[in-house]
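Visitor: Take a look at the letters that make up each chain.
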Amino acid sequence: MKKTDPIILAFVGKGGVGKTSLSAAAVRLLAKNNPGKKILAIDADPAVGLATALGVDAGLTVDDIRKSFVKQAEKGNTGTALELLSEAKYRMIDAVTENGDVSFLAIGRPEGAGCYCKVNAYLKEIIAMIAGNYDFIVIDGEAGIEQVNRRVMEKVTHLILVSDASKKGLQVIKTILSVAEEMVMFEKTGTVINRIPDMALAACLEEKGLEILSIIPDDREMAINDAKGNSIYSLAETSALIRGTETALRKIGVIHGE
Amino acid sequence: MRLYDECFEGVKRILDEHPVKKLDFGSAPKWQETDKNKIIFQSDTAFELGGNNLPALSGVALTDSYSLVPDDEVLLIGRDLTEINGDSPFARIALIRVKESEMGTGEQLYQTVRKIEFARYHIHPEGYMMRISAFTHREAARVGRDALKKGLGFAHIGRFFIKEYKKQPQVEAVKLLFVTDESFPYDLLEQVMKKSESITTALDHIMRDIKMDCTSCGLKAVCDEVEALCAGGDNP
Chain A
47 MKKTDPIILA
57 FVGKGGVGKT
67 SLSAAAVRLL
77 AKNNPGKKIL
87 AIDADPAVGL
97 ATALGVDAGL
107 TVDDIRKSFV
117 KQAEKGNTGT
127 ALELLSEAKY
137 RMIDAVTENG
147 DVSFLAIGRP
157 EGAGCYCKVN
167 AYLKEIIAMI
177 AGNYDFIVID
187 GEAGIEQVNR
197 RVMEKVTHLI
207 LVSDASKKGL
217 QVIKTILSVA
227 EEMVMFEKTG
237 TVINRIPDMA
247 LAACLEEKGL
257 EILSIIPDDR
267 EMAINDAKGN
277 SIYSLAETSA
287 LIRGTETALR
297 KIGVIHGE
Chain B
408 MRLYDECFEG
418 VKRILDEHPV
428 KKLDFGSAPK
438 WQETDKNKII
448 FQSDTAFELG
458 GNNLPALSGV
468 ALTDSYSLVP
478 DDEVLLIGRD
488 LTEINGDSPF
498 ARIALIRVKE
508 SEMGTGEQLY
518 QTVRKIEFAR
528 YHIHPEGYMM
538 RISAFTHREA
548 ARVGRDALKK
558 GLGFAHIGRF
568 FIKEYKKQPQ
578 VEAVKLLFVT
588 DESFPYDLLE
598 QVMKKSESIT
608 TALDHIMRDI
618 KMDCTSCGLK
628 AVCDEVEALC
638 AGGDNP
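These protein sequence lines map, in sequence, to chains A and B.
Take 47 as the starting number for the first sequence in my numbering and just add one per residue.
Take 408 as the starting number for the second sequence in my numbering and just add one per residue.
I should point out that these hints are in silico values taken from the structure, not numbers from a laboratory.
Quick caveat, the model's predicted, so the values are computed rather than measured.
A virtual CB, placed ideally from N, CA and C, is assigned to each residue, including glycine.
Worth double-checking, as some hints may not be accurate.
[What the hints assert, rightly or not] Only part of the chain A face toward chain B is listed, based on derived beta-carbon distances under 8 Å:
id, residue
1, I139
2, E144
3, S280
[What the hints assert, rightly or not] Here are some of the chain B residues that sit facing chain A, going by a computed Cβ distance under 7 Å:
id, residue
4, N444
5, I446
6, L475
7, K522
8, F525
9, Y528
10, S540
11, A541
12, F542
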């Protein structure tokens, strides 16, 4: 049977609004609701917080691979397209940490000295190649607008905008949405308002013209879990974060049934 | 085509000291090819040839001598895939007879050699995922559990390789050697095959007439040898 294209979810928004926690919760919920399906979690945030949130030891990053390519190029060893693609695939597979049906890949600190567009193009190609092996891909995006990242996000199917209740946070997601509408081929989008200090604010947020998927109160349980350095799997199913993420995933149509 | 003769002799010397099984690749049942991007996940992997930093060698050497490669053959030193229990050292060497008259000269010769070498990038048997690093000269392969249950062996893999090499019109016959024997001297074989790779690289240097200080180049000795063979009347 031919495998269908993966559902690619990306969580984007201003820094500090909880994208990483929501991404981790989404991975946990997708795994629970789709036993046997392969899930790839991509940490596109240079801070590499998703690894901790998922309880994974992040090793080699995509950017480490890029840098090693640059080093080889500096030695005069550029290789042919076939060799470079094969090399990138070889290393990308080493960079993917597998834990049962959930795999993890960190993008790492992007760019830096010397931009090698050819190399970036190969890496983008490789991410596209490995993507086809998964049923779901969850991307924890870098903070801000810079990374509605063309390298990894242009094939996103479900774009989830994350904000807190602040005016700045909401402004950032509106800007991201307008850029994404030009650059990303998403099928569905929606907003999660996270860490809302008072649910009484919810009503006025719904009037701001955003497609709201879920409004999640400030979750003390999650904050304690984070402070202890525990992974998302230690959090109770009844926690506000898990329940709020589930509501969002159901509303955007990636979790079905009971 | 004498360029690689020393490699052939080196491989022969090593093989003479080890029991070699000839696999009947012609009568092995047809094996499915899979998508080139298909990954065999760790959880679906029975073992990795060359996994865990074990040797993972590969190499190609060319000749026009019928006596060195009379016919297509798949040879094995060590255990076949269905007999292997865990990650294993690995080598895959292709000794290829070519039509010298069709190899061309200069840049065309170099490109033909590379095309033959690159056949490995176009082989994707189901349950056998090659992991090729040209930078580190490694060719490892993950072998899937399901494929082993269906009886995947080196005879199947060998047939894929021979078919792919023979897509190049210059290729007349292929002697393909797989090695998984733990006591095999992989380091010796590696030295021999490094020489083969150096010859191809030197061919590129000479044919492109790269302007550089030859006295400080690590390929000087090989280049001298290749040039001497070219000048000696034998086409390289």
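Visitor: Decide, hint by hint, whether the structure agrees.
Guide: Here's how the hints hold up against the structure:
1. I139: holds, 6 Å
2. E144: holds, 5 Å
3. S280: violated, 23 Å
4. N444: holds, 4 Å
5. I446: Since the shortest Cβ distance to chain A is 4 Å, the answer is holds.
6. L475: violated, 28 Å
7. K522: This hint is violated: K522(B) lies away from chain A, its Cβ roughly 10 Å from the closest one there, beyond 7 Å.
8. F525: holds, 6 Å
9. Y528: Status holds, d = 5 Å.
10. S540: Holds, about 5 Å.
11. A541: Check passed: Cβ of A541(B) comes within 4 Å of chain A, closer than 7 Å.
12. F542: holds, 6 Å
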